[in-house]
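Asker: Residues per chain, in single letters:
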Amino acid sequence: MKRVYLDHIAATPLHPEALQAMLPFLRERFGNPQSLHSDGQGALEAVEEARQRVADLIHAAESEIYFTSSGSESNNFAIKGLALANRSRGSHLVLSAVEHLSVLNSAKSLEKFGFTSTLVPVDQTGMVHPEAVEKAIAKDTTLVSVMMANSEVGTIEPVAEIAKICKSRNVLFHTDAVAAAGNIPVDVRALAVDALSLAGDQFYGPKGSAALYLKKGVRILPFIEGGIQEGGRRGGTENVAGIVGLGKAAEIAKAKMADRSQKARVLRDLLIDRLPEKVDRAVLTGDREMRLPHHASFCVEFIEGEAMLLNLDMKGIAASSGSACTSKALKASHVLLAMGLDHALAQGSLVFSFVDDNTAEDIGYLLDVFPPIIDRLRKMSPLYTKYLEEKGK
Amino acid sequence: MIYSEKVMDHFQNPRNVGVIPDADGVGEVGNPVCGDMMTFYIKVKDDHLSDIKFQTFGCGAAIAVSSIVSEMAMGKSLREAMDITNEKVAEMLGGLPKNKMHCSNLGADALHKAIEDYKAKSKPGLKEAAAAAAAKGPEAHEEEAACCCPYCDGPVEGMEEVCSCHHCEIELEECPECGKYTNKADDTCVNCGAQIHKS
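Note that the protein sequences, when read in sequence, are chains A and G. All letters in the first sequence, in the order written, are residues 1 to 393 by the working numbering. All letters in the second sequence, in the order written, are residues 1001 to 1199 by the working numbering.
Wrong hints could be hidden among the right ones.
Derived coverage of chain A by chain G (criterion: at least 3 residues anywhere in the stretch with Cβ under 8 Å from a Cβ of chain G; other residues may be distant) [to be verified]:
no.	region
1	292 to 304
2	307 to 318
3	339 to 349
4	375 to 383
Simulated restraints, written as ranges between beta carbons of each label pair [stated by the list, open to error]:
no.	chain 1	residue 1	chain 2	residue 2	range
5	A	124	G	1019	27 to 35 Å
6	A	2	G	1092	31 to 39 Å
7	G	1194	A	167	39 to 47 Å
8	A	109	G	1194	19 to 27 Å
9	A	236	G	1031	42 to 50 Å
10	A	283	G	1005	43 to 51 Å
Within a straight-line C-alpha distance of at most 25 Å, the following computed SDA-like cross-link-like pairs (lysine to any residue) qualify [what the hints assert, rightly or not]:
no.	chain 1	residue 1	chain 2	residue 2
11	A	256	A	47
12	G	1006	A	313
13	A	386	G	1187
14	A	80	G	1015
15	A	2	G	1013
16	A	215	A	104
17	A	112	G	1184
18	A	391	G	1012
19	A	108	G	1196
20	A	112	G	1185
21	A	386	G	1019
22	A	379	G	1018
23	A	112	A	223
24	A	379	G	1071
25	A	393	G	1022
26	A	112	G	1173
27	A	386	G	1015
28	A	112	G	1187
29	A	379	G	1026
30	A	379	G	1074
31	G	1006	A	375
Quick caveat, the hints were computed from the structure, so don't treat them as lab data. We put the CB at the ideal spot given by N, CA and C, even for glycine.
Using the sequences and the hints, build the whole thing.
Answerer: Next comes the structure, spelled out in structure tokens:
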């Protein structure tokens, strides 16, 4: 059966050139970058070349890039490391309510050590308002973290303005750019952020390979204590192949970004325009304009996300949902709830996110198979029956 | 695949979906916060279930559970139908993922509620007993509910207020609303969304 992969936010396919670049480091070039012999030094060169490529992607200096194992690790590193290193100045953090759980839970875990945090609310499109961030900054605030783009609803946050506020208030600013970096332009100099997280599996690099940008001179506590890798800030033998793959993917992302996003934007707009025409009571989630180019998310009323995902999968389509039933913890997405959606509507969450090889035919196929799935599930739904009864009255 | 073949079969081809407008009894369980809602409609003839229909809002497991319950109970006497338990339903489906056992496996409860509703309607004297039984439903659900960590499904260590999941290293407590274990650090129950700690 035809497979249509529309789940960029979960994972992107590995770019063939990134794979090719990685293979030697899984085979003959296995040396440890910390070794003095030529096997080791060869690997070190490859790591440093990758560091330069990742730096170029976000307009950073090579020395400001720290490799990690995942976006979640980068976020943990930034939140915990920056908060603890700046403890003498204060112990209050400001975060948006729609941050990734790796940011929210890092802040929560810091509460055990006497830190407090304020969650800044969002509007119904998931947008954080800079004034609200400014209002939340207190005398003892040392760190603000607001994501660059939200992977569940696609909204791009006004991080440049927030960074400016933080600078004027002498507070550090971290942004989780995992969903954004490699997909939309990111310039750490222009944005004036102090720290930024990114992950390779969001732009056709390998899983298990990510990075934290840390502005020169910003103090951070080491995340993994051990050897001298990553300037002593993140110990552990380097994941050389993964780092090389990340570097190659960053290089390609930079070169192809305009093309990729132009192509994705066409598919996105097609789906956002056509799906609500085909399915009654399906609403777009997130902002219509300030939106990731490869991202279209909806809430479909009266039915539940997992049932939709299983049905779509049977038709060969891969997508995501923030419904409670699809999460292992059976908890509805905190992002959708923070946007003010009620539980029933949040249950109908569905996210389509495009990868490089998706075509307009793929969207056409989705638009053909989706409405009958909705009809079938709604016929089963007591909520839809109630809705029809009330409508009939 | 997270579900057994049997679950997928009932999910794809659910039996007895629909509404009985002149039902003899109706039973509703669940709420959208939990994720799943089920409504069962029954027709009763000579103390036997002559027709059953259901509607379900929820995941694949919830739909499959409703479908197989309707099949298991069809034509059975009311007493036999009352003997159908959520455990038997899960067994008939070839098992369910652990984290779905309590949230989605509510089919037997919904059916029993429909039967109680029928009894209450047909014998006015039993109304109170039926109401009491209906009220007891969630309680029975609570007892079996408190078993595992909501995140990893692993066993919970410790007793009552000071329990924790060793694997996830989180402190857990029982939600006063639904009785299931939830993260002590959270403001709301991960299972039912109830507000636990006043913020």
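Asker: Which hint numbers doesn't this structure obey?
Answerer: Hints 10, 13, 14, 18 contradicted; others consistent.
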